[in-house]
Amino acid sequence: QVHLVQSGAEVKKPGASVKVSCKTSGYIFTSYGINWVRQAPGQGLEWMGWISPHNGDTHYAQKFQVRGTMTTDTSTSTAYMELRTLRSDDTAVYYCTRGAGLLSDYWGQGTLVTVSS
Amino acid sequence: DIQMTQSPSSLSASVGDRVTITCQASQDISNYLNWYQQKPGKAPELLIYDASNLQTGVPSRFSGSGSGTHFTFTISSLQPEDFATYYCQQYDNVPITFGQGTRLEIK
Numbered sequence: 033q034v035h036l037v038q039s040g041a042e043v044k045k046p047g048a049s050v051k052v053s054c055k056t057s058g059y060i061f062t063s064y065g066i067n068w069v070r071q072a073p074g075q076g077l078e079w080m081g082w083i084s085p086h087n088g089d090t091h092y093a094q095k096f097q098v099r100g101t102m103t104t105d106t107s108t109s110t111a112y113m114e115l116r117t118l119r120s121d122d123t124a125v126y127y128c129t130r131g132a133g134l135l136s137d138y139w140g141q142g143t144l145v146t147v148s149s
Numbered sequence: 539d540i541q542m543t544q545s546p547s548s549l550s551a552s553v554g555d556r557v558t559i560t561c562q563a564s565q566d567i568s569n570y571l572n573w574y575q576q577k578p579g580k581a582p583e584l585l586i587y588d589a590s591n592l593q594t595g596v597p598s599r600f601s602g603s604g605s606g607t608h609f610t611f612t613i614s615s616l617q618p619e620d621f622a623t624y625y626c627q628q629y630d631n632v633p634i635t636f637g638q639g640t641r642l643e644i645k
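Same order as they appear, the protein sequences are chains A and B. Numbering-wise (our numbering), the first sequence opens with residue 33 and increments by one. Numbering-wise (our numbering), the second sequence opens with residue 539 and increments by one.
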């Protein structure tokens, strides 16, 4: 059975960085991509980017190209998303998803990142 | 970026009703359109992929249709567990974009 288990909630100060992990199981990690999607409180879904664990290829949404970095560790089947220079409007639930291509068929449980001074 | 216009933004309906949600893309996306259901405090779940294909395990009362720029999502007979927010998503081009969501409430 496919599972994506994310790291726990984080509270960060403005200007800090956060790194969210997404440990996968139940499928061949390098055969699917990983998307990252976020959702601000009470708002809709926003795609952040995609990474291929197979070869490290990435696609970022333009607003995350400078502050965001997606990586994977194939030895542990884990994906990571780091966001730097955090602002209050980065407060959101961050989701990793398994990408069958760019299609998100399985989702992690979400990680709440709160940015507050 | 491809804009996805979803309507209505909210909808009140009763158990047993037939409900339809529409999603309009700002350009041709072929059939690269998915529908997700999200319940409060939970991650979205994939219901329909490639416009009309039912994800494994999803009840047959859910269906989708359309291609190009105009898409519809239908629940044939609402069940109590269907009251949630629904999102369309295009994945024809990056950046992947979502509709703004339709909140389905109990009348």
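Since the hints were derived computationally from the structure, they do not count as laboratory data. Hints may be right or wrong, so weigh each one.
What the hints assert, rightly or not - Below, a list of computed lysine-lysine pairs in the DSBU-like style, where the Cα atoms sit at most 35 Å apart:
#	chain 1	residue 1	chain 2	residue 2
1	B	Lys-645	B	Lys-580
2	A	Lys-44	A	Lys-55
3	A	Lys-44	B	Lys-580
4	A	Lys-55	B	Lys-645
5	B	Lys-645	B	Lys-577
6	A	Lys-95	A	Lys-45
7	B	Lys-645	A	Lys-51
8	A	Lys-45	B	Lys-577
9	A	Lys-95	A	Lys-44
10	A	Lys-95	B	Lys-577
11	A	Lys-55	A	Lys-45
12	B	Lys-580	A	Lys-55
13	A	Lys-45	B	Lys-580
14	A	Lys-55	A	Lys-95
15	B	Lys-580	A	Lys-95
16	A	Lys-51	A	Lys-95
17	B	Lys-580	A	Lys-51
18	B	Lys-577	A	Lys-44
As the list claims (entries may be wrong) - Computed beta-carbon distance windows for the label pairs:
#	chain 1	residue 1	chain 2	residue 2	range
19	A	His-86	B	Gly-579	44 to 54 Å
20	B	Glu-619	A	Ser-107	37 to 47 Å
21	A	Thr-108	B	Ser-548	40 to 50 Å
22	B	Thr-612	A	Pro-73	25 to 35 Å
23	A	Ala-132	B	Thr-610	20 to 30 Å
24	B	Arg-556	A	Thr-108	38 to 48 Å
25	A	Gly-58	B	Lys-577	17 to 27 Å
26	A	Ala-132	B	Pro-597	18 to 28 Å
27	A	Gln-33	B	Arg-599	17 to 27 Å
28	B	Pro-597	A	Pro-46	26 to 36 Å
29	B	Gly-595	A	Pro-46	19 to 29 Å
30	B	Pro-597	A	Gln-141	20 to 30 Å
31	A	Thr-146	B	Ser-547	21 to 31 Å
The beta-carbon is built from N, C-alpha and C at its ideal position, and this holds for glycine as well.
We went through each hint and held it up to the structure:
1. Distance restraint check for Lys-645(B) and Lys-580(B): the Cα-Cα separation of roughly 23 Å lies within the 35 Å cut-off, and the hinted pair is therefore satisfied.
2. Distance hint between Lys-44(A) and Lys-55(A) is fulfilled; the C-alpha atoms sit about 22 Å from each other, no more than 35 Å.
3. For the hint linking Lys-44(A) to Lys-580(B), the alpha-carbon distance of about 23 Å falls within 35 Å, and the restraint holds.
4. Pair hint Lys-55(A) plus Lys-645(B) does not hold up; C-alpha atoms about 40 Å apart against a cutoff of 35 Å.
5. Distance hint between Lys-645(B) and Lys-577(B) is fulfilled; the C-alpha atoms sit about 17 Å from each other, no more than 35 Å.
6. A hinted pair counts as satisfied when its Cα atoms are at most 35 Å apart, and Lys-95(A) with Lys-45(A) qualifies at roughly 20 Å.
7. For the given pair, Lys-645(B) sits about 42 Å from Lys-51(A) by alpha-carbon distance, which is inconsistent with the 35 Å threshold.
8. A hinted pair counts as satisfied when its Cα atoms are at most 35 Å apart, and Lys-45(A) with Lys-577(B) qualifies at roughly 29 Å.
9. Simply put, Lys-95(A) and Lys-44(A) have alpha-carbon atoms about 20 Å apart, close enough for the 35 Å limit, and the pair holds.
10. Between Lys-95(A) and Lys-577(B) the alpha-carbon distance is near 27 Å, which keeps this suggested pair within the 35 Å criterion.
11. For a cut-off of 35 Å, the pair hint linking Lys-55(A) to Lys-45(A) stands: about 25 Å separates their Cα positions.
12. The straight-line distance between the Cα atoms of Lys-580(B) and Lys-55(A) is roughly 18 Å, inside the 35 Å bound, and the hint therefore holds.
13. Only pairs whose Cα atoms come within 35 Å are accepted, and Lys-45(A) paired with Lys-580(B) is accepted, the gap being roughly 26 Å.
14. Under the criterion of a C-alpha separation no larger than 35 Å, the hint pairing Lys-55(A) with Lys-95(A) is consistent with the structure, at around 25 Å.
15. Using a Cα cut-off of 35 Å, the hinted pair Lys-580(B) and Lys-95(A) holds, with the two alpha carbons roughly 25 Å apart.
16. Under the criterion of a C-alpha separation no larger than 35 Å, the hint pairing Lys-51(A) with Lys-95(A) is consistent with the structure, at around 17 Å.
17. Only pairs whose Cα atoms come within 35 Å are accepted, and Lys-580(B) paired with Lys-51(A) is accepted, the gap being roughly 21 Å.
18. For the hint pairing Lys-577(B) with Lys-44(A), the CA-to-CA distance comes to about 27 Å; that is within 35 Å, so the pair holds.
19. The hint said 44 to 54 Å for the Cβ distance between His-86(A) and Gly-579(B), and at roughly 33 Å that hint is violated.
20. A beta carbon spacing of about 40 Å between Glu-619(B) and Ser-107(A) agrees with the range 37 to 47 Å that was offered as a hint.
21. Between Thr-108(A) and Ser-548(B) the beta carbon distance is about 42 Å. The supplied range of 40 to 50 Å therefore holds.
22. About 30 Å separates the C-beta atoms of Thr-612(B) and Pro-73(A), a value consistent with the hinted range of 25 to 35 Å.
23. About 23 Å separates the C-beta atoms of Ala-132(A) and Thr-610(B), a value consistent with the hinted range of 20 to 30 Å.
24. Judged by the Cβ atoms, the range 38 to 48 Å given for Arg-556(B) and Thr-108(A) holds: they are separated by roughly 47 Å.
25. Distance hint for Gly-58(A) and Lys-577(B): a CB-CB separation of about 22 Å, consistent with the stated range 17 to 27 Å.
26. Between Ala-132(A) and Pro-597(B) the beta carbons are some 21 Å apart, a value that agrees with the proposed interval 18 to 28 Å.
27. A C-beta distance of roughly 24 Å is found between Gln-33(A) and Arg-599(B), which places it inside the suggested range of 17 to 27 Å.
28. Between Pro-597(B) and Pro-46(A), the C-beta spacing of about 45 Å breaks the proposed range 26 to 36 Å.
29. In this structure the supplied range 19 to 29 Å is violated for Gly-595(B) paired with Pro-46(A), their Cβ-Cβ distance being about 42 Å.
30. Taking 20 to 30 Å as the suggested C-beta distance range, the pair Pro-597(B) and Gln-141(A) conforms, at roughly 23 Å.
31. At about 27 Å, the CB distance of Thr-146(A) to Ser-547(B) agrees with the hint of 21 to 31 Å.
When held up to the earlier numbered hints, the structure conflicts with 4, 7, 19, 28 and 29 and fits the remainder.
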